[in-house]
Amino acid sequence: MERDNHQEGEAQGVKISDPPSVNNPPGDNLATSLSLLGNHMFPDVAERNDGASISKEETPVSLCSDVTAEQQSLDAELHSNQVTKLETEETENSECFNDVCTQQSDGGSEGAATDNDQSDSGEFVVTMLAKAKLEEQGIGVKGRSSPLLEAGTQESPAFMSHRDEDVTAESWRQHRKHVFVLSEAGKPIYSRYGSEEALSSTMGVMMALVSFVQSGDNIIRSVYSEEHTVVFLQKGPLVLVCVSSSRQSERQLRGELLYVYYQIISMLTQASISRIFEHKKNYDLRRLLAGSEKILDGLLNLVDSDPSFLLAAVHCLPLASSLRDSLSQILQKAITPNLVFSILIANNQLLTIVQEKTVIEDTRLEPADVHLLLNLIGASSAFQAGEIWTPICLPLFNPDCYFYAYISYLDPPECTVCLLLLSTDKEAFYAVAECKRKIEEAMVAQNSLSLIAKVQSYSVSQVGVSDLRHFMYKPFDVPDNYRQLTQFTSPEMEAPYSSEEEKMRLLDLYRYMHSRIHSTSRPLKLIYHVAERETLLAWVTSKFELYTCFSPLVTKACAITAITKLLRWIKKEEDRLFIRYPPKYSTTPNPSKSSRGGKSDQQDATDNGFLSLL
Amino acid sequence: MGENLPRVPGGARLRCDTLGRPVQTLRVKMVLLGGSGVGKSTLAQRFVKDEFRMTTPTVGCAYLTRVVHLSNVSLRFEIWDTAGQEKYHSVTPLYYRGAHAALLVYDISKRETFIRAQVWLKELEKHYIEGSTVVWLVGNKGDLEEDRQVSVQEGQGLANDRGLFFIETSALSGDQVSNLLIDVAHRVYECTGAQQGGLSEWQEAPLGDLHHRDTSSLMTSCCKVGP
Ligand SMILES: Nc1nc2c(ncn2[C@@H]2O[C@H](COP(=O)(O)OP(=O)(O)OP(=O)(O)O)[C@@H](O)[C@H]2O)c(=O)[nH]1
Ligand SMILES: [Mg+2]
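Protein sequence lines, in the order shown, are assigned to chains U and X.
Each residue of the first sequence is one higher than the one before, counting from 1 in full-length UniProt numbering.
Each residue of the second sequence is one higher than the one before, counting from 1 in full-length UniProt numbering.
These aren't lab readings, by the way, just hints derived from the structure by calculation.
Each hint can be trusted.
Short, incomplete list of chain U residues facing chain X, as computed with Cβ under 7 angstroms: (1) Leu288; (2) Ala290; (3) Ser380; (4) Gly386; (5) Glu387; (6) Trp389; (7) Thr390; (8) Pro391.
Note that the structure is a prediction, hence the values are computed from the model and not measured.
For each residue, glycine too, the CB sits at the ideal point set by N, CA and C.
Isolated chain U (complex conformation) (with noise of 0.2 angstroms):
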């Protein structure tokens, strides 16, 4: 019954997803299907019972059964399809973090599990991982492996952060969000908290299991208990793996470790790192991770913090777009050969991209690209010293080939206004530094960095609706038809959510209402969701997808009378809220597209010497 309720609703909201316009509020439409769907159309799910329930149900539903399908005994016999998913080939479009992972659902397990189900799998992965780290104890001590290692790891303290941390004590095991990489012979490589030699163990079962379930020609996916999500991943010889108590769905916490992935290979590039297990399969890559480690961690706290990675959308500064023109007509003047991205930063967020026409002719910068850039520069304040030239991946652009990238900041000693110049040419410091000289010049003539300085996020109050709280808004191409640069916007976040806890608590909400309209098995369009003190509308149509936050007294009339005016009213400051039409420049006569190109040209490009390394 409950599940004819949820189709109707998903017929609804295919009839509503209208694009907003002026004439035809979408607000009207969506007061339409709000009213035809009545009390019980978006009932709210609480996919585990564990108490913290964050939601006040309008409708209390049984689990549904994009969870139950996933809800997999482990005791059952390992090799069957009960405990993992067949893993179609995952979609290696360049939207990788959308993709829609086509799981088999499978119609045996369907509905059948129960919480016991549940809870026993998730005990039994505890238990192995309790196990693994009572064993940890004793290789505490003996298994001082490799004294060199020990040795970088002490180096620096000031480079240290949840390195040294107890991982046989009780606050090791509380935290939210564990990420581990190993490599596919099972050593260690990175461990969010604690360090990955005193895990080894640890990583040593986890790799056992992922293993075990290969050798059945299957591929682990995930395991659920009552209080943690572990979810797998595998890329080349690296395999990535999250326990998380975050009420997140698996697959946004997939899309993270792809994030972790990427990050990686941003690094180190993806081919480098098969050809070096490819040599050697039990290379220890913390070698070549070694002081990346704070890189990582970055990346993890900002996808805890950052709606951008949940939405794989960027962030750009609101800028009038008076202001947005004349940094990118300086971006566009200052151009030297094989300059293929030019990319000016406020306060980590972007002020204005100008690309390079040739080089990005049949592709657009991805925003996962982006986000690594944002999170390499935020991680380090190397940068604040002097001009840095780099190596560095972009992997949803090619993960194979480095740019080089120019990072100066334009403002120190503050700090606060980035450029980062990409060149595919590795000789070219020289003339990339002298087109920051240029760009600093012209920004100094037309007093840019101070009309920088003046520019903040805006507030929900500009708005005008006084239950809206807070929103997302992320439009599907503006303007139509450009290709480029997937955007989003939000205000700042304010009271009530001005505390860490409360803002992270908005955000879970906005990860659940985000899970429950990507649902693999039952997508929706609309989820109007009470809960206890707050009230969320999620709202996807084919030109936008967007969240909302209001008070909790507010009634289904208001938020549909808000929305019409948010979005009338996002509609009016579009070009300052957006980077409405990237610019564009020529700096390749005779493009070559190395950083893109045939088989030969990454050969070359990847030849960085790792190998010799082994």
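Given the structure of chain U, go ahead and fit chain X with the ligands onto it with the hints provided.
Showing chain X with the ligands alone in chain U's frame:
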């Protein structure tokens, strides 16, 4: 060299020697090599701003500049502070190629960084030394006397064997850091500066005042030291 009337397009940095003759500015490329965490970036901060700042591991390479005034010439040091992390080793030749001065930095409290410095030395010798690069062996973190793993004698011994200059510094306290830079300046100028085609002249970009960072208050600290 001082005889030729130098072109100083910016004008602002026109400097005269003791006899009132304008002084030339020459470019010096200096590269910092050594294991991760030995203090290369911290040293570079000292060179450029004479301050101690907490750092994070360098990504790729950082390029910084600092002008050192000798009595009859100004040297504009272009400092390439490389990343010690292993993943960047393959690109490091990009940065040390054509350097006039190379500082091989190790941490006196970590023996393996001393060994690492020797690996760098081998590589430098193999490709790029050719008598045109002045190489310094720098034992940094001299303040960590109680944790010392590499003795002064050992460092000095290696330097003598291989024909390097040697010094121990502390980027934390600043001890010996400016002495090192001035020494390097003199040696580079002696070895290559006067040679034909040794050091090229620094042509200041049109917007002189944007480069005020380059010319921090060095006059006071080092211009008095003459050859
Ligand atoms: N006690 C002491 N600590 C120092 C000294 N110099 C640097 N450090 C510390 O050593 C750590 C590493 O310094 P960095 O300058 O970043 O090392 P680096 O050689 O640039 O490292 P990479 O960029 O990874 O190659 C930092 O925590 C510094 O504060 C010193 O002279 N004495
Ligand atoms: Mg450094």
